[in-house]
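Colleague: Chains V and E, in that order, are what the protein sequence lines are. The opening position of the first sequence corresponds to residue 1 in my numbering, with each subsequent residue numbered one higher. The opening position of the second sequence corresponds to residue 185 in my numbering, with each subsequent residue numbered one higher.
If you're looking for bench data, these hints aren't it; they were derived computationally from the structure. The reader is advised that the hints may include incorrect statements.
What the hints assert, rightly or not - Partner residues aside, some chain E positions facing chain V, computed with beta carbon under 7 Å:
hint : residue
1    : A214
2    : I309
3    : D310
4    : M311
5    : I366
6    : M370
7    : L373
8    : V374
9    : D376
None of the values given here were measured: they were computed from a predicted structure. In this text, a Cβ means the ideal position worked out from N, Cα and C, and glycines have one as well.
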Amino acid sequence: MARTEIRVGGLGGQGIILCGSIIGKAAAIYSGRHAALIQAFGPEARGSACSAQVIVADEAIGYPYVRSPDILVLLSQDAFVQFAPQLKPDGLVLYENELVQVQGKLPVTARALGIPATRFAEELGRRLVLNIVMAGFFTGATNLLSIDAVEKAVLDSVPKGTESLNLKALMKGYEYGRGLATPT
Amino acid sequence: MDRDGFPRVAKLKDGSSVEISLASVADGSALLDFYRSLSDEDRLVLTDDVTTPDWLARFLAKLDSGAATSLVARADGRICGEATLHRNLHGWSRHVGEIRLNVARDRRGKGVGYALAAGVVKLAIDMGLEKMVAYFVASQVAARKTFERLGFRKEAELARQVTDIRGIKRDLFIYANDVSHIWAAMEALVEDSRPHEGQ
Chain V
1 MARTEIRVGG LGGQGIILCG SIIGKAAAIY SGRHAALIQA FGPEARGSAC
51 SAQVIVADEA IGYPYVRSPD ILVLLSQDAF VQFAPQLKPD GLVLYENELV
101 QVQGKLPVTA RALGIPATRF AEELGRRLVL NIVMAGFFTG ATNLLSIDAV
151 EKAVLDSVPK GTESLNLKAL MKGYEYGRGL ATPT
Chain E
185 MDRDGFPRVA KLKDGSSVEI SLASVADGSA LLDFYRSLSD EDRLVLTDDV
235 TTPDWLARFL AKLDSGAATS LVARADGRIC GEATLHRNLH GWSRHVGEIR
285 LNVARDRRGK GVGYALAAGV VKLAIDMGLE KMVAYFVASQ VAARKTFERL
335 GFRKEAELAR QVTDIRGIKR DLFIYANDVS HIWAAMEALV EDSRPHEGQ
């Protein structure tokens with residue numbers, strides 16, 4: 001049974017939960033698979049540690065918590081420090097490379113791919129879509145989900161009027177992720 | 185068609201159509217031809233002298249830098265209308281875009297202006313801008329109505345603010361469309377807290 005454990009970690013206000021929710025929706029609603037989402041955030045609206053645990057599986061999920069993530073999506077240094085030691089030996093870290101420095105703590109066989117997602121989001125017009133750039137990066141770098149499914153999940157999740165910028169953010173991250181996942 | 189939805193064909197009220205597309209540096213000479221074809225009456229209250237190569241060079245540089253985004257309407261292979269979104273890429277008004285619109289006299293009243301303005305408003309929202317402004321003088325009744333249909337409202341009126349190309353002082357109407365609520369909804373979505381839940 002294929003079961004992929006994903007942890008999205010960062011700070012409140014970065015859209016961590018939405019990023020996890022989009023991955024889960026893309027899997028469960030638009031790919032016909034199973035998904036579970038557990039969200040955790042501090043009492044403050046912004047700035048406190050925040051994470052989402054997402055399980056994507058081909059069969060029903062009996063235990064919805066992440067024990068040892070296959071994939072980490074990290075948007076803060078604190079999240080890296082907290083979650084990197086939990087990564088599976090051959091796991092994958094996807095990180096915002098202007099917010100996170102990968103140093104130690106990772107299994108030697110793990111892979112780490114960075115993206116300047118904040119800069120991309122700002123260039124597109126709003127830093128707010130940083131999390132959508134990361135969702136696209138996840139899609140392009142992992143091949144776990146189709147871009148069509150994630151695109152539908154984004155459209156289903158974001159407010160009316162913001163669809164176009166969010167889709168641009170998704171594709172920006174997706175293309176960047178594909179470039180890193182399949183080096184020429 | 186790219187993700188912005190351009191080029192696209194806009195059907196007009198008289199049954200004809202125009203093609204609306206994003207302007208690029210390659211459209212420079214056609215834009216200059218369009219603006220030079222406007223009568224003095226039509227250029228009476230334009231912010232810049234749009235008939236000079238200097239203006240075109242500045243305009244194309246702004247297109248290239250992203251400080252301006254332009255849509256052109258074409259019919260029979262010629263530009264018959266143009267709308268520009270000007271924005272400050274830095275500074276305290278970086279969330280605001282200014283829209284300017286011009287339509288050839290023989291194409292007015294058919295919906296070309298609305299199609300261009302609606303396209304630019306959508307581009308502005310897609311860029312994450314929160315507010316759009318447009319400037320008019322009192323005589324530009326049709327243009328003001330076009331923008332009112334798109335959600336713009338008069339926000340200020342400045343007496344004797346404009347000197348037209350004949351030297352006559354005119355009152356300036358500042359219209360604005362605040363779309364910050366769209367992005368406020370997105371900000372709420374990425375807050376990563378549910379203060380009303382679990383209490």
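Colleague: Can you verify the interface hint for E:L373: is its Cβ closer than 7 Å to any Cβ in chain V?
Modeller: Given a least distance of 6 Å, the restraint on E:L373 holds.
Colleague: Can E:M370 be said to touch chain V, with a Cβ gap under 7 Å?
Modeller: 5 Å, holds
Colleague: Does the interface hint hold: is E:D310 within less than 7 Å of chain V, judged Cβ to Cβ?
Modeller: 4 Å, holds
Colleague: Double-check E:M311 for me: the hint is only fine if its C-beta lies closer than 7 Å to a C-beta in chain V.
Modeller: Since chain V brings a Cβ to about 4 Å from E:M311, closer than 7 Å, the hint holds.
Colleague: Regarding the hint that E:I366 lies at the interface with chain V, is the smallest CB-CB distance below 7 Å?
Modeller: 4 Å, holds
Colleague: Hint check: is the beta carbon of E:I309 less than 7 Å from a beta carbon of chain V?
Modeller: This hint holds: E:I309 lies near chain V, its Cβ roughly 6 Å from the closest one there, short of 7 Å.
Colleague: Would the hint on E:D376 be counted as holding, given a Cβ-Cβ threshold of 7 Å to chain V?
Modeller: 4 Å, holds
Colleague: Given a cut of 7 Å on the nearest C-beta pair, is the interface hint for E:A214 held or broken against chain V?
Modeller: Constraint on E:A214 not satisfied, violated at 27 Å.
Colleague: For the hint on E:V374, just tell me whether its beta-carbon gets within less than 7 Å of chain V.
Modeller: 3 Å, holds
Violation of the numbered hints given earlier is confined to hint 1; every other hint is satisfied by the structure.
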